[in-house]
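Undergrad: Chains as they are written, first to last, in the working numbering: chain W, 1 to 314; chain V, 315 to 628.
Do not take every clue at face value.
[Stated by the list, open to error] Cβ pair distances, simulated, as ranges: (1) W:Lys196 x V:Asn612: 40 to 46 Å; (2) W:Arg173 x V:Glu484: 22 to 28 Å; (3) W:Ser288 x V:Gly370: 40 to 46 Å.
[As the list claims (entries may be wrong)] Each computed DSS-like pair below joins lysine-lysine, with the alpha-carbon atoms no more than 27 Å apart: (4) W:Lys217 x W:Lys265; (5) W:Lys27 x W:Lys2; (6) W:Lys178 x V:Lys594; (7) V:Lys492 x W:Lys280; (8) W:Lys295 x W:Lys2; (9) W:Lys265 x W:Lys27.
Simulated from the structure, these hints should not be mistaken for lab results. Don't be surprised by glycine CBs; every beta carbon is placed ideally from N, CA and C.
Number of protein chains: 2
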Amino acid sequence: MKYGFGVDIGGTTVKLGCFRQDGALLKQWEIPTRTELGGDVIFDDISGAVLGCAEGLGIARQDVLGLGVGIPGPVDDGGNVNCCVNLKLGVFNLRQTLESRTGLAVRAGNDANLAALGEYYDGGGRGSQSMLMVTIGTGVGGGFVWNGRVLNGFHGVAGELGHVTIDRNEPERCTCGKFGCAEQYASATGMVRLAKQRLAACDTPSALRQVPELTAKALFDCAGAGDALALEVLERVYDVLGQAIADSCCICDPELVVVGGGVSKAGQPLLDGIARHFAKYCFHAARSTRFALAKLGNNAGIYGGFRLISGREP
Amino acid sequence: MKYGFGVDIGGTTVKLGCFRQDGALLKQWEIPTRTELGGDVIFDDISGAVLGCAEGLGIARQDVLGLGVGIPGPVDDGGNVNCCVNLKLGVFNLRQTLESRTGLAVRAGNDANLAALGEYYDGGGRGSQSMLMVTIGTGVGGGFVWNGRVLNGFHGVAGELGHVTIDRNEPERCTCGKFGCAEQYASATGMVRLAKQRLAACDTPSALRQVPELTAKALFDCAGAGDALALEVLERVYDVLGQAIADSCCICDPELVVVGGGVSKAGQPLLDGIARHFAKYCFHAARSTRFALAKLGNNAGIYGGFRLISGREP
């Protein structure tokens, strides 16, 4: 039996998983992301964690297929990372960095793309031929998987549907520097921004005015309780997501769209809202594109990492 | 030596090419698209043309790899065509239809996707790893090629960047039934529509008011001669194309964008105009995406057909 590791590097923790070649998750754990001591420490920590786990489980070096690793930033097919702001890392090769430390085969990708790969094989996308994953959290990200392979893109930015332009007249800048990106309206932060704008522009009574902190969760809760203003704001959010996904489907035309990320805890109402607006913006022949919720939650990245190293080669 | 055929079915003619396995074009010819007698006649005509050519060139049946065929409509990976309005054809399997008539292996695709594949291997995209082709003619189409394979999409509509929504407030309908598609502003027809709208809305003198027929070519000619109004309309067109391509690149992130189709005869000014606006809308990490003109003209489809049958299998 062979084994593989999935590693998902986040801003505060690194999630790790040890898998059997047949896909069974044997062990899952986290270590802190120590960025304060400079970039190299993380990679020593990861290397130690992976090799230590293999030793602890009695897995011989030659039985390890390798590790697949995701990072929040653009990663190209060769493993080159072009700046990772959250982790205070510049331009470097993630694949080589971890290969030299672990002595294992390494494959690297963007965290959202890895999550997409995980959902494709083991989550909401299971059984589909091609899948677009949409991750709605602090930002809006995504990934496209086709015939078992995730598309990284030449510059490592494939699947970035949060940066499709929705409103070219938007006066505020997106964190990416552009104006009017989908993320500015449909991420957790973007939804709150829209809600605050709407509340400031009217005197309509709304439960949103009473919540101690206006968050995406509060917005969904108030909408669930029938608050008209919250429902109106969410309708706008669904409209933006419907368009961004429809535009994306004109390009990659997947069998299935899987919606994940923290905001997807809102569940079926979110999915229904998106699908309703998608129908308005999608190209007619793709009208039957199916929608599903992600299933792996925060584990999608480690599953995807494992599939990156154990899956079909490019 | 083995041989392959590329067949590009258009509204008025079917273009055919016979290729040697190494990619050399041995013979190229056209036959009329006889739709008036019902759908089946075209396929008999194509079958006769291909088999006749092989016989004429003394190519034995066992030395024919097969034929790759393109049609103006959505075609999925299995060769299913979901309605082809121009050719008065409904739902049928193009692959099986031609396999049963010719006894040869057949692979089928959308005509814009086949043109993309042709340019990737033998034209403006040669040497690139991934390429987005944008075809600007009567409509705006496109195709995405990755590691030598063109993406058809689950519903056969991948690469349809002409139907990315640019202006959700557009009051007129696109031929596809939606509102505000890129094609409504940036196809040859769309450009003329914009120019007419602009001319009707002002009294500004313009050479466009004197041309016997207002066409996309006239628009480029007047702009080339310095006509301010023509330049203004084209600036709008470039802006739309820049956004549609930037949105597409957020999803597929190609190394290279190749611009083809009848309108691409306008050459470098068109390419420069698009690239200028692309820079405004593209995600920062993809800013260095290169642009090039297509090279194969009307032959792109037959080259792509040949590459579909002779290239790497899915």
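Undergrad: Next step is simple, just say for each hint if it's right about the structure.
TA: Hints, verified against the model:
1. W:Lys196 x V:Asn612: 40 to 46 Å: Violated, since Lys196 of chain W and Asn612 of chain V (Cβ atoms, about 54 Å apart) do not stay within the stated range.
2. W:Arg173 x V:Glu484: 22 to 28 Å: Holds: the Cβ-Cβ distance is about 25 Å, inside 22 to 28 Å.
3. W:Ser288 x V:Gly370: 40 to 46 Å: Holds: the Cβ-Cβ distance is about 44 Å, inside 40 to 46 Å.
4. W:Lys217 x W:Lys265: Between Lys217 of chain W and Lys265 of chain W the Cα gap is close to 9 Å, so the pair holds against 27 Å.
5. W:Lys27 x W:Lys2: holds, 15 Å
6. W:Lys178 x V:Lys594: Roughly 7 Å separates the two Cα atoms, so the pair holds.
7. V:Lys492 x W:Lys280: holds, 7 Å
8. W:Lys295 x W:Lys2: holds, 25 Å
9. W:Lys265 x W:Lys27: holds, 25 Å
Hint compliance for this structure: hint 1 alone is broken.
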